[in-house]
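Peer 1: Listed below are the residues making up each chain.
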Amino acid sequence: MKNVLDRAPIRTPEAVWNSYYGRICVYLRSFAALNYEDREEIAADTLYKVWQNRAKVLDGQDCRAWVFTIARRTAIDRLRKSSSHDVKKDGALSAELDMMPDLKNVKPEHQLIKNEELEFIQTFLKDLSDPDRELAYLFYYEELPIEELARIFSLPKGTIKWRLHAIRKKLARRWQDEFGI
Amino acid sequence: MNSAYNNKAEEALKAYFCQAVQDASQAAPPHMLLDTISMHKEVKDQGKKSTAVLEGALQALLAVAASLLIVYWTGNTSSGALAQQLRDEGEFQRVHEMFSELSQELDHGLTFIIENNRSQRRIEMRP
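One line per chain: the protein sequences are A and B, in this order.
The opening position of the first sequence corresponds to residue 1 in the numbering used here, with each subsequent residue numbered one higher.
The opening position of the second sequence corresponds to residue 182 in the numbering used here, with each subsequent residue numbered one higher.
For reference, chain B alone in the conformation it holds in the complex (with noise of 0.2 Å):
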């Protein structure tokens, strides 16, 4: 044995120890982590409902758009006058600037929807 050292000290240092762990492990509360990851998995599934609601949205406007460029182009004869505005390349162009402009705006809000739910659960780790 080392002279430098004691071993009543040191098992003096691990009963210590050992004493704090039964206390602190006493005065757990054993709900808090089921919480917290029932709390994490409620976070995660706003976030999914939310990004399945604009993915939805861009689903019916992307549909949109294609049934308008089918009927500009098909030219169909229950749609003619549609078929004919579309024609017109000011009003086409204006049409194409509008989706441009929201499938944009949808594609922010993804973005802010997925850093939100990354720091929405740092914040929510918390009891």
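Isolated chain A (complex conformation) (with noise of 0.2 Å):
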């Protein structure tokens, strides 16, 4: 979902955190390794560098692929240093619990999906491989450009349409058999 903070100037921390923690916060779930503390300090080592590097940004530039791009790196950098994962007695890694957010108690003014779209959304997205989960948020609520999402993840076009491709129909086979429509 277009903001348009996307494109306005960076002037102050403020508008930086506001503009993007949360986002930030919901696409650092794609990786099912960070934890709750985990997230919230990639979030801000991300927004520190996005504020000591705003001489980068022209106004009026979108900046959202340069910083998800911050935040991917960051992440993986953190995973990379980090020894403590949980792992299941077969070796997998096992989802975090907090991974996705309660969000049943939300209030029903303020509610934008139902309960039980929510969680088959939920469960969907748990068995989405990382990669996968980071490019559904990518594309779908920051509605990203191919072009971008290659350059992010440094793949190929054609990969990531593919791969696009693949949870697109995932998702609706899914969906086909939980609700029939």
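Warning: the hint list may mix true and false statements.
Stated by the list, open to error - Here are the simulated lysine-lysine pairs, BS3-like style, with alpha carbons at most 30 Å apart: (1) A:169 / A:126; (2) A:126 / B:189; (3) B:195 / A:126; (4) A:169 / B:195; (5) B:189 / A:114; (6) B:195 / A:157; (7) B:195 / A:161; (8) A:157 / B:189; (9) B:189 / A:161; (10) A:169 / B:189; (11) A:114 / A:126; (12) A:49 / B:195.
Unchecked claim - If the Cβ cut is set under 10 Å, some of the chain A residues that face chain B in the computed set are: (13) 137; (14) 168; (15) 173.
Said to hold, decoys possible - Pair ranges (Cβ atoms, derived): (16) B:189 / A:61: 32 to 38 Å; (17) A:166 / B:189: 17 to 23 Å; (18) A:80 / B:189: 23 to 29 Å; (19) B:207 / A:181: 29 to 35 Å.
Read the hints as simulated data drawn from the structure, not as lab findings.
Owing to the predicted nature of the structure, the values given are computational and were not obtained by experimental measurement.
C-beta atoms are modelled at their ideal positions from N, C-alpha and C, and glycine is treated no differently.
The task is to assemble the complex, starting from two chains supplied on their own in separate frames and drawing on the hints.
Peer 2: Below, the structure written as structure tokens:
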């Protein structure tokens, strides 16, 4: 969802924070091995770097791809250095319990999605790989074009298109199975 | 529309992310970034102060060395005894070695401070 602030000049730390903190935190939930504290730290680290390098962004330039590239690299660096992964007995990484927010407690007047659809989406996202979750967020919420996504992931445009196609097909099939529509 | 996709499902996914961002943005402590920036500034300022102290010490030492050299070469009558002492090669060599060692230690100290500031910045980024 494009935000008018995406093209606004970066004038104050508060503006950066208000515009991006929540979005970066949700994006970082794509990384199953990060816990809540990790995500907070990485989000703060990312916004600090954005603020320090704000001169690189021209007034009126859409800086979302740049911001999320910083967030992605910071998260990956953090994961490389971190040695505290939860490991199931079979060796697979376990999904963090706090990866998915408890949105069922949102007040009805602020609820944008029905509870049954919420549960479906959360299950669907949990079953995706980390990169596919990242792609889903950046494509569906940030509405970044394929070219920007290819740059963020350092992948060819064709690969991004193919992966998005696979995610969308899987989503459609699972929705059909669940709700019959 | 591509029949492999489902509009309702994709709208639900977008709505989910909208809700999640709304929720996460409300939970954000607004002072965190400002604290992080001011913490980094403090670390940088401390590093600058330490560097300034070392630079000052180095300048003072170099000034003393320069004075000694002037005394040695001009043979000023009021510091005749000192000049005489410095003319002794052994004494002069010893003074030279002491200043060399001291300037090396100061150089190592400055390098340490610069490296420490870099790693300190990474540590201090944690709220």
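Peer 1: If a hint holds in the structure, say so; if it does not, say that too.
Peer 2: Here is what the structure says about each hint:
no.	hint	in the structure
1	A:169 / A:126	holds (16 Å)
2	A:126 / B:189	holds (19 Å)
3	B:195 / A:126	holds (16 Å)
4	A:169 / B:195	holds (16 Å)
5	B:189 / A:114	holds (12 Å)
6	B:195 / A:157	holds (22 Å)
7	B:195 / A:161	holds (18 Å)
8	A:157 / B:189	holds (26 Å)
9	B:189 / A:161	holds (21 Å)
10	A:169 / B:189	holds (13 Å)
11	A:114 / A:126	holds (18 Å)
12	A:49 / B:195	holds (28 Å)
13	137	holds (6 Å)
14	168	holds (5 Å)
15	173	holds (8 Å)
16	B:189 / A:61: 32 to 38 Å	holds (35 Å)
17	A:166 / B:189: 17 to 23 Å	holds (19 Å)
18	A:80 / B:189: 23 to 29 Å	violated (39 Å)
19	B:207 / A:181: 29 to 35 Å	holds (32 Å)
In summary, the one numbered hint that this structure violates is 18.
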